[in-house]
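A.B. asks: Residue numbers (this note's numbering), protein chains in the order written: chain A, 1 to 367; chain B, 1 to 367.
Treat each hint with caution, since some may be false.
[To be verified] Calculated cross-link-like contacts (lysine-lysine; reagent style DSS-like; alpha-carbon spacing at most 27 Å): (1) A:Lys203 x B:Lys197; (2) B:Lys301 x B:Lys197; (3) A:Lys197 x B:Lys140; (4) B:Lys233 x A:Lys338.
[What the hints assert, rightly or not] Computed footprint of chain B on chain A, listed as stretches where at least three residues anywhere in the stretch have a Cβ under 8 Å from a Cβ of chain B: (5) 178 to 190; (6) 219 to 233; (7) 239 to 247.
[Unchecked claim] For the chain B half of the interface with chain A, some residues (derived, Cβ under 10 Å), not all of them: (8) Ala8; (9) Phe10; (10) Tyr15; (11) Gly19; (12) Ile21; (13) Leu113; (14) Arg176; (15) Val179; (16) Ala189; (17) Leu226; (18) Met231; (19) Arg237; (20) Phe249; (21) Gly250; (22) Val254; (23) Asn285.
FYI, nobody ran anything at the bench for these hints, they're computed from the structure.
C-beta atoms are modelled at their ideal positions from N, C-alpha and C, and glycine is treated no differently.
Number of protein chains: 2
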Amino acid sequence: MDITTKTAHFTSPLYLESGRILEPYDIAYETYGTLNEDKSNVILICHALSGSHHAAGRYEGDRKPGWWDGLIGEGKAIDTRKYFVICSNVVGSCFGSTGPMSPQYPSNEPYRLKFPVVTVKDMVKAQMNLLSKLGIYRVKSIIGGSMGGMQALQFAVDYPNFAQSIIPLATTYATRPWVIAFNKVAIEAIRRDPRFKNGNYGKDDFKEHGLDGLAVGRIAGHISYLSPDSMDKKFGRNYVPTDGLFELFGRYEVERYMEYNTSNFSKIFDPLSYLYIVKAINTFNLSRGYGSLYEAISRIKAKVNLISFSGDMLFFPQEMEHLAKMLKRNNQAYSYSKIDSDYGHDAFLVEIDKFDFLIKEMLEELE
Amino acid sequence: MDITTKTAHFTSPLYLESGRILEPYDIAYETYGTLNEDKSNVILICHALSGSHHAAGRYEGDRKPGWWDGLIGEGKAIDTRKYFVICSNVVGSCFGSTGPMSPQYPSNEPYRLKFPVVTVKDMVKAQMNLLSKLGIYRVKSIIGGSMGGMQALQFAVDYPNFAQSIIPLATTYATRPWVIAFNKVAIEAIRRDPRFKNGNYGKDDFKEHGLDGLAVGRIAGHISYLSPDSMDKKFGRNYVPTDGLFELFGRYEVERYMEYNTSNFSKIFDPLSYLYIVKAINTFNLSRGYGSLYEAISRIKAKVNLISFSGDMLFFPQEMEHLAKMLKRNNQAYSYSKIDSDYGHDAFLVEIDKFDFLIKEMLEELE
Chain A
1 MDITTKTAHF TSPLYLESGR ILEPYDIAYE TYGTLNEDKS NVILICHALS GSHHAAGRYE
61 GDRKPGWWDG LIGEGKAIDT RKYFVICSNV VGSCFGSTGP MSPQYPSNEP YRLKFPVVTV
121 KDMVKAQMNL LSKLGIYRVK SIIGGSMGGM QALQFAVDYP NFAQSIIPLA TTYATRPWVI
181 AFNKVAIEAI RRDPRFKNGN YGKDDFKEHG LDGLAVGRIA GHISYLSPDS MDKKFGRNYV
241 PTDGLFELFG RYEVERYMEY NTSNFSKIFD PLSYLYIVKA INTFNLSRGY GSLYEAISRI
301 KAKVNLISFS GDMLFFPQEM EHLAKMLKRN NQAYSYSKID SDYGHDAFLV EIDKFDFLIK
361 EMLEELE
Chain B
1 MDITTKTAHF TSPLYLESGR ILEPYDIAYE TYGTLNEDKS NVILICHALS GSHHAAGRYE
61 GDRKPGWWDG LIGEGKAIDT RKYFVICSNV VGSCFGSTGP MSPQYPSNEP YRLKFPVVTV
121 KDMVKAQMNL LSKLGIYRVK SIIGGSMGGM QALQFAVDYP NFAQSIIPLA TTYATRPWVI
181 AFNKVAIEAI RRDPRFKNGN YGKDDFKEHG LDGLAVGRIA GHISYLSPDS MDKKFGRNYV
241 PTDGLFELFG RYEVERYMEY NTSNFSKIFD PLSYLYIVKA INTFNLSRGY GSLYEAISRI
301 KAKVNLISFS GDMLFFPQEM EHLAKMLKRN NQAYSYSKID SDYGHDAFLV EIDKFDFLIK
361 EMLEELE
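Use the sequences and the hints to build the structure in full.
C.D. replies: Pasting the structure below:
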């Protein structure tokens, strides 16, 4: 499968929900497959907090493929022989789209904390501009999990004629304080880290070691992405052999997992971007600007295919069930599937074989 | 109600599970009520991670009473007109019992990271020594929640003839990786905080501000003590009025709660003690030393009154149900009550009216 990676540059302003303006701005994006003549085979993929536009395929020499490679590719559920798949990096991120470490035009200095707060609505608006630029005015489906699912929902509400269907997974209609509290660990851990310097760190300060605050905050993240049961299975009460049980800093396997994953993450992710994207998740509320959730939902014309995971400890299945009930009561086209999984929130990334056939069907239904 | 606060000094060694020795050591403790002539009215209360021996009553001038004041006092479920109630501060703590900031005899320098790892078994052994010193060789009941419940269970297994009954609340028989992961946030946040100085901070370094790492770690703690539902009720998506929605560091009420509670906590709790007590919780495993959980449980002669809370997201009701099933299969005296509560783990501290009558009955049954 061919991967095309590009960056689109926009000189006209992006009017943000806050009233502020982002101008100019870049959107990094990736495409897989071929756009057909009448541009009717487009699938938009939206990424989550830590993701990027690199959703599938493998860059030369890379050990790991894109984050949803199990789902996207030739012969896979999102079949790139049939569909033209686009995934873009959200504004605020650190993987190529304009974010807090991008230069604040006309200076060459990064925005840092002067970067405007962006919301899921803003992320969606920027993606609409990208698609317009590509001459795409309608897509078959918008698919995403977690913050990606928020974007799919926001797309369907804000631009009712844009998508034929949306497939939001492991997400919600408005972020609950439970999630905001998990994010709070990261916010405080980053902002209280002296090396963060109130956002004035050097661009290469964390290249080798990563910011401790980000690694610490990310531990809380990983807890919320797993579940008690998945941790029992993955780690149990096993001890890392070299550590003693009675060493103060001796490690259980779950501790090693947390150390390893979070310090790797802190080496590649920018702490300011993390703060801004977490803020976008915290402020996500589908009803904002529409009077009520009911009014927001009523605008949707796309078929809404909701997928939740029974063991999700971050966005609980009840939240998507609430949406399903509203859509049903309102006689809107929808489906709701609850995948039996005790993996936790991360199931949407790692247990693809439990729902890929569903996504395949949902897309075939549109043909 | 009279509060008697004392410290017992022990010159004989405390042999720890690790093979190390604590010598000499102090145990701070508090008593309420009057010991009767045949010493048959003793109730032992065990505290949790952040608790102390100050379980009930109010010190002169204090705004807040002890942590289980709703349960312990004249006319309350644990009626101090009838019972002689003892609560001691665990070894490793920072409220009067010997801990990492106590001087390492014969020097005057604090142990710091040279303090030996203590386990729940060690905490229990130290309390046995305290009670022996007071001439008490049998108690009516041992009651505690969370780490206090671990102690109650450990007492019943290690010293089968000591307690007539135990009442463990919101606890488990072996700490799961889920809990260890939450504790990992605190461990990493503390140890990576430059002001922690690998444990070599000045004794008064955090008096005014508290250690950031401890505050950050404590946010993760508070998440695990609450629940998604309790947070919805307590905070919703409400915003602190003075903060703007589009301020990067603007605060939701749940964020203010976390900031307020955790920075207060970090001012009064010693970070090294926190590391040691968290370690004791992580290493808790009732079966250690007994071949199997079944063998450990089989030793128990006390009646085991288990109380769980349906919304507990730290120690899930299933864990206590597992114990209940073992006791039942084994024909041991037990009761199991699951309190309907969506408050979360903290229910054992704050929803006392939901279970105090149960504790009253459980104690009356012993008369």
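A.B. asks: If a hint holds in the structure, say so; if it doesn't, say that too.
C.D. replies: Do the hints match the structure? See the list:
1. A:Lys203 x B:Lys197: Distance ~26 Å between Lys203 (chain A) and Lys197 (chain B) Cα, so the pair holds.
2. B:Lys301 x B:Lys197: With a Cα-Cα distance of about 47 Å, the restraint between Lys301 (chain B) and Lys197 (chain B) is violated, given a limit of 27 Å.
3. A:Lys197 x B:Lys140: Violated, because 56 Å separates the two Cα atoms, which is more than 27 Å.
4. B:Lys233 x A:Lys338: 26 Å, holds
5. 178 to 190: holds (count 9)
6. 219 to 233: Since 9 is at least three, the answer is holds.
7. 239 to 247: Since three or more residues must qualify, the claim that chain B covers the segment 239 to 247 of chain A holds, with 3 doing so at under 8 Å.
8. Ala8: With a closest approach of 25 Å, the Ala8 (chain B) hint is violated.
9. Phe10: 21 Å, violated
10. Tyr15: Cβ of Tyr15 (chain B) sits 13 Å from chain A, so the hint is violated.
11. Gly19: 8 Å, holds
12. Ile21: With a closest approach of 13 Å, the Ile21 (chain B) hint is violated.
13. Leu113: With Cβ-Cβ at 7 Å, under 10 Å, it holds.
14. Arg176: 6 Å, holds
15. Val179: Check passed: Cβ of Val179 (chain B) comes within 9 Å of chain A, closer than 10 Å.
16. Ala189: Since chain A brings a Cβ to about 5 Å from Ala189 (chain B), closer than 10 Å, the hint holds.
17. Leu226: 8 Å, holds
18. Met231: Holds, because the Cβ-Cβ distance from Met231 (chain B) to chain A comes to roughly 4 Å (cut-off 10 Å).
19. Arg237: Holds. Min distance 6 Å.
20. Phe249: 7 Å, holds
21. Gly250: 8 Å, holds
22. Val254: 4 Å, holds
23. Asn285: Holds, about 7 Å.
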